[in-house]
Amino acid sequence: MPDPSSPETEGRKRLMALITRHQRQIFSYIYTLVPDRPDAEDLLQETCVVICEKFEEFTPGTDFVAWACQIAWWRIRYARQKFARSKVVFDDEVLAKVALTASALREELDDRHEALAGCLQKLAPRDRELLLTRYEPGGGVAEAAERTGRSLDAAYKALNRLRKLLHDCVTHELAADAPQPHEGSA
Amino acid sequence: MRLSDREILELNELCGALADGRATEAQRRQLESLLRDSEAARRFYVRAAAQSASLHAYAAEMQADAPLEPGRRGVRDRLPAWVGGAALPFAAVLVAGAYLMIRGPGAAPKPADGGAEVVARLTGAKDAVWVARGTATAPGTSLRRGQQLELKSGYAEVTFDSGARLLLEGATALDLGSAWEATLRRGTVKAEVPPEAIGFRIAHRFVDVVDLGTEFTLFADADRGAEVLVNRGAVEAAPREGGEADSILLREREGRRFGADGISEVADRARKLERFADLMPLERFVPGVRLVHWSFDEPDGAARGEGALAVEPWLRLLGPDGAGDAGSRVRGRRGQALHFDGRRYAKAAVPGLSGGQPRTVAFWVRVPEDAPPADTWMVAWGTQLPKLGRRPVHIGWNRRPGEGALGALRTDFGGGHALGTTSLRDGQWHHVAVCFTAGEEAGLPVEVKQYVDGRLESSTIVRGVLSPRAGTGDATLSDVLWLGYRLTGNRQEGRRFLGQIDELFVADRALQPHEIVALMRENRLPAATLAAAPSRP
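The listed protein sequences derive, respectively, from chains A and B. The numbering of the first sequence is our numbering, which starts it at 200 and goes up by one. The numbering of the second sequence is our numbering, which starts it at 817 and goes up by one.
Fair warning: there could be bad hints in the mix.
[What the hints assert, rightly or not] What follows is a set of in silico ranges between Cβ atoms, one per label pair, in the way DEER data are often shown:
(1) B:R1216 <-> A:T370: 17 to 25 Å
(2) B:G1135 <-> A:P259: 51 to 59 Å
(3) B:S969 <-> A:R276: 20 to 28 Å
(4) A:A323 <-> B:G837: 49 to 57 Å
(5) A:L364 <-> B:D1062: 31 to 39 Å
(6) B:E1068 <-> A:K321: 52 to 60 Å
(7) B:E1068 <-> A:L373: 49 to 57 Å
(8) B:G837 <-> A:L373: 22 to 30 Å
(9) A:A265 <-> B:E829: 28 to 36 Å
(10) A:Q269 <-> B:R818: 51 to 59 Å
If you're looking for bench data, these hints aren't it; they were derived computationally from the structure. Note that the structure is predicted; figures quoted are calculated from it, not measured. We treat Cβ as the ideally placed atom computed from N, Cα and C, and that holds for glycine.
Whole structure, please, built from the sequences with the hints as guidance.
Here it is in structure tokens:
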């Protein structure tokens, strides 16, 4: 049995911790460039494989997410021909420009992710049900429409409205920059 | 340059069409054109796409946090503990995949990351020989997320914190993903899944099997395929390869083989079903337990606790000024319950409560629908543990909607909290059980398992910041259980609880899922547990 305190084991632990902590951000970056969940997840897994293979090249203390997103970027470029026939909607020029914007907004996107939780909470239960059913694994607009008793067309319209509502809510929350109340441990 | 309202609406429409997979070619070209020419449009698009990614993550996390049976319906008005670093549902899969990837084929099995949470226990064995000594051989061993088990021969039983129970027959290799899932690399596994653990999943290279409340067997080899046989109930089996994407519902005594060449019938199905029809005569590991139980069935006044931990059995009822109070009994879940009016509280001595040993607190609780957020404090005890900042532990309901579902079961401790998903604030009786393990050593992770109505609701914690103003640990708060009272550091606050509490148990170890279900259903521990319990110290 390997020594749990060996440098190799420690490295694996560090790698697992970094991937666990940051995979949402990496997924978000990939999804922005390949806006289809299954394809984005495939690319995330491929990216994680490369991260594992190249982890020795990562310098501790530097920006892991930036390093991982760089790997993801090249995976997307590598898969460009495959996706060009199906999911990727942008040409190389637009893809590169969107990638730059995504990198530039990274910190803001993290804040938006956290603020989104609070904004979701503010939605009416039926609207929240629609959104979460639409976005859950295996879910779709048709299922969400059925579960919330809407027609398909009404569901599409409601989703567009709700996404805009959340977008505005998050923007408002971040702009307000309200200090969070802090209480004791309890 | 800012976008005009018209441009924003147009972009929102285009981004929505793209997200929902219904964008026409013309819409794609239009969006591409906008993104090529306008940085403001790109910013809008990136924020919108990232929001969709976040919604995918939140929705998936919610689904994985509390798996529901397929076909479930109902308004989803409850949200999980989203923020604060909770892992995404696909984290375990990815991390395990990455872990395996760097492990390389044929390498020795690895112990899980010592910092990962406990997700199961080794609860039984017969003639078990493990490939790597020390990985999971000791009776009652706690098994952590990501841990890999390799049983060379014999039988072993693993009980997950969700309540699912797997019988392994050597030679079998199994990876533990979470309290709700495992990956069978090769070998034979028989699964028994109680109703509380419906949704438990076993993955294999060729098939995912989701249990629908049943008993099934999975025979698998590493490369050629896996056979799923349903002994009782039904399962949903989803092929992962071979181009057949639809799930198959398999009912009692049905079976299928899933392989690289697709799906086929199981050869010799009847014989294989019979092989695992009965439970193996395992040597089960039932750790002893000491507990104290307050039924609150006395006519009025102080409540007397029963059990080996009831050294000082009287639970004193106190009014708002700390003076003795006759208390108020109301009709409870069983017999009578203790009513808390937002001012009254109670306390009792429980030996060892403030130390680092694992313990379980279980009770029935009813919270009014309109209970105010100031009165959430059901059960508390002080601690003397430096790793918790000597802060108390509180069990209550979540009053912070920004952190998760309002009214959900919440356990706060110095340095973090655990949060469930089911709102207790609905005027109904709910059974609540919290297994809390702090450990004396600073390096050991705090483990909190929360069960509501017998079902595991949360098994991870949200880490917080332990501020320097940590309490010093008021000795008068040590080993005292408080009901309906908020303790802050070494200071007692006036915030209380509004609602009723009934059938309160405190046990001196983390109870297993079936023991919690027994408390809920029968108001007592299973006979096997009671038989193993030591007498009063």
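Status of the hints after comparison with the structure:
1. Restraint check, B:R1216 to A:T370: a C-beta distance of roughly 22 Å satisfies the suggested window 17 to 25 Å.
2. For the hinted restraint 51 to 59 Å between B:G1135 and A:P259, the CB-CB distance of approximately 58 Å keeps it satisfied.
3. A hinted range of 20 to 28 Å is violated for the C-beta pair B:S969 and A:R276, which are about 49 Å apart.
4. A hinted range of 49 to 57 Å is violated for the C-beta pair A:A323 and B:G837, which are about 25 Å apart.
5. Between A:L364 and B:D1062 the C-beta distance comes to about 35 Å, which sits within the given range of 31 to 39 Å.
6. At about 46 Å, the beta-carbon gap between B:E1068 and A:K321 misses the expected band of 52 to 60 Å.
7. Taken as a hint, the range 49 to 57 Å holds for the pair B:E1068 and A:L373, whose Cβ atoms sit roughly 54 Å apart.
8. A hinted range of 22 to 30 Å holds for the C-beta pair B:G837 and A:L373, which are about 29 Å apart.
9. Our hint of 28 to 36 Å for A:A265 and B:E829 holds, since their Cβ atoms are close to 32 Å apart.
10. Judged by the Cβ atoms, the range 51 to 59 Å given for A:Q269 and B:R818 is violated: they are separated by roughly 31 Å.
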